[in-house]
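Chemist: Sequence:
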Amino acid sequence: MKPAAPLSLVISLSLLLPLRTAPAGEIGFEERFALSDDRAGALEELIPGTEEYYYYHALHMQHTGRLDEVDRLLALWVERHQRTPGVVEIENRQALLRYGADHAAALKFLRERLDLSFDHQRQLLGETPKLPTRLDPARIGREALTRRALERHRGTTDGFEPRALEWVAAMELDADRLRHLLGRLERPDVEGLAALVVADLKNPRSRGFGSQPIHSRLLLAQLDECLRRMPELIDSPQFIQTYLVRLQPGADVHWHRQEAEREAYLERLWRFVSRLSPAHNSLKAHVLYHRLAHDRARGVYDRGLFELYLKLPRSAPYVSREYLKRSDGQVRVDLGADFTAVTRLAPVGVDEELVRHYLLEFLREDSSYKPYLPYVEESYLKRCFAEAKILAGVGDMEELSSLLTPAEYRALKERVDIDFAPTNKTYFEPEEQVALDVYLKGVDTLLVKVFELNALNYYRQTGREVDTAIGLDGLVAGDETAHAIGEPDLRRVKRHFEFPRLARRGLYVIEFIGGGKSSRALVRKGRLSYQERITTAGHEITVVDEGGRKLPLANLYLEGHHYEADESGTILVPFTTRPGRQPIVLAEGDLATLEWLDHRAEQYQLAAGIHVEREALLSRRKALVMVRPSLSLGGAPVTLSVLEDVRLEISTTDREGVKSTKEAKGFELFEDRESTYEFQVPRRLAAVSFTLRARVKSLSEQKKVDLAASRSFALNGIDATEKVEALHLLVAAGRHTLELLGKTGEPRAHRPVHLRVKHREFRETVDEV
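Going by the working numbering, the first residue of the sequence shown is number 1, and it counts up by one from there.
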């Protein structure tokens, strides 16, 4: 008669093998698989790569005794779906099925998986146990624990805590462990991370750049190293998006208003996207368009960049149809593509105005339009060439006019232009003279009117920014002049206008009228901004001018309320019960500026560091508690002086569960140091908690708000058990010593001690006896 199976093994089987069932009345794949005479054929119903596919294939391999094949399948399964319950179940079955071939390995697996320990030792009366008194450092050292973690968690880094991953990354890792490690990394500050990322990407089973969260967190230098090690990444859309985001200016850089910063950013963008393949033509055109527009605003026309832009095939009225046919195999530009998320630049939309402006600029000096024939329709080029030359008065007028149809020539002759030069500024410093350049054609007399706007009233009434479409009805021009132009109808000339009377800071509309047409320019002179500080009374606003100088006479308008600066030059805006981003108007003298304020609610938070030495909590003795509070309002630290009715509450619980409370009223707090309070420790103390309470007046709600911060300490826990001894850790002379002491502090010698050591860099504990 064969002996019965060990009880522990039977229990293990019941714990490790979960039951899989189908809903009542439903015949699912489980039944078809179990009852099928051809299980291999039944497996063909499953979709490759799914969890069910791996599970039932592994199960069938185990049924047919192909355990080594299951190991290989598990590696693929874990890589795709991580360590799911199905994976754990198959691993458990593997260990149990191998019990007959390797008893020790199966039992070792059960002990570790079920966290079993067999540390009981027989006690012999009258004999002194021969037990070790020193823990071998090698058994709990990093090297031994690393080896243990790798052995127990094959193909993963599950044996390591997150804080250990940085040095784990420096180890020699196989492909599966490397991928698992990268999936756990949360920060890019890991030495050699770029090399690890590339090594994983070169693995045939890699799902490409962007498949790991750490890919999107790589720094620019790391992305460059990845590209150097793996040049083909330049064609990865995810890599391109990540790289472009890293090129963006910082949040504190106002690159939209700062010409040098904007140019530096556009240069960085073009330096990168110029290396991309034709598959990314839309992105190239997007960046080039904004670079060309920026250059035009500076009066710079780069022929090379313009030609590169024209060479990108796109569907537009001016593009040569022959060129589109020749580039039929290339990816066409989508001018409506939105790359705002990665470049923070607006979509192009329609680009004909910019292209036409560049062509007119170049063709005015060129002797022929033929260099652009490969990319631009000839009829379009002829019109631009003729227009550029005729309006500039350059070349043979008869020959040039022959390039136009009679209707086109007549329309050109009758056309009236009052166009502002792209190089004009819209913002001027207070001491800077206002001047504008205007291109004129078909205008005999030009009337120039200057209107000074009441920006303060406009902003307060509309809550939005001023534009040139503002109605001027009822306004009287502060200055009005007439200028005789006296140019032929077929001449387009640039005229320079200066406005010395606009010496004051303010917002102006300058309107140019002539030939039955008018054009407006919006000119800002001076700008206000603000600095903010959160105080207990509200938002403390300091209004400054464009040079950062404090304006003590400034005013602020918010939601119909008017706030004036106090004698210190600051404006106090109270908190709100409806927090959110709100438009505000800053005003000083004749100048007003629209800004935005993150208007906060009045929410106080009281926190406190509370500490008492446990060794001082002796029965019927005096103990000292230290309190270091902090008060914040909307996340910003504020003074403690606004706290009222401050008190420290001490609650104690003895071993019988009897609670008592003592309150120290008028507890004094300090901004620069801890507050202390001495109290008497009661007998048979089991727990003590300290609560700092205070009240503060909410100005927005006109009521007192209660605040509290507390901390609890549990002690003498041994008294609640049958234990009469406990371990105490002693640190002295660089050594750590564990002492086994009785309740009265007496040494308890010759006692076996079971230690469970948890290293902060490893997830599993180490048992030592």
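Do not take every clue at face value.
Here are the simulated BS3-like cross-link-like pairs (lysine-lysine), alpha carbons at most 30 Å apart as the crow flies [stated by the list, open to error]:
id : residue 1 : residue 2
1  : K704      : K743
2  : K743      : K723
3  : K425      : K370
4  : K425      : K449
5  : K622      : K703
6  : K703      : K743
It should be emphasised that the hints constitute simulated quantities derived from the structure, not laboratory data. Owing to the predicted nature of the structure, the values given are computational and were not obtained by experimental measurement.
Chemist: So, against the hints stated earlier in the document, which numbers end up violated here?
Modeler: 1, 3, 5 and 6
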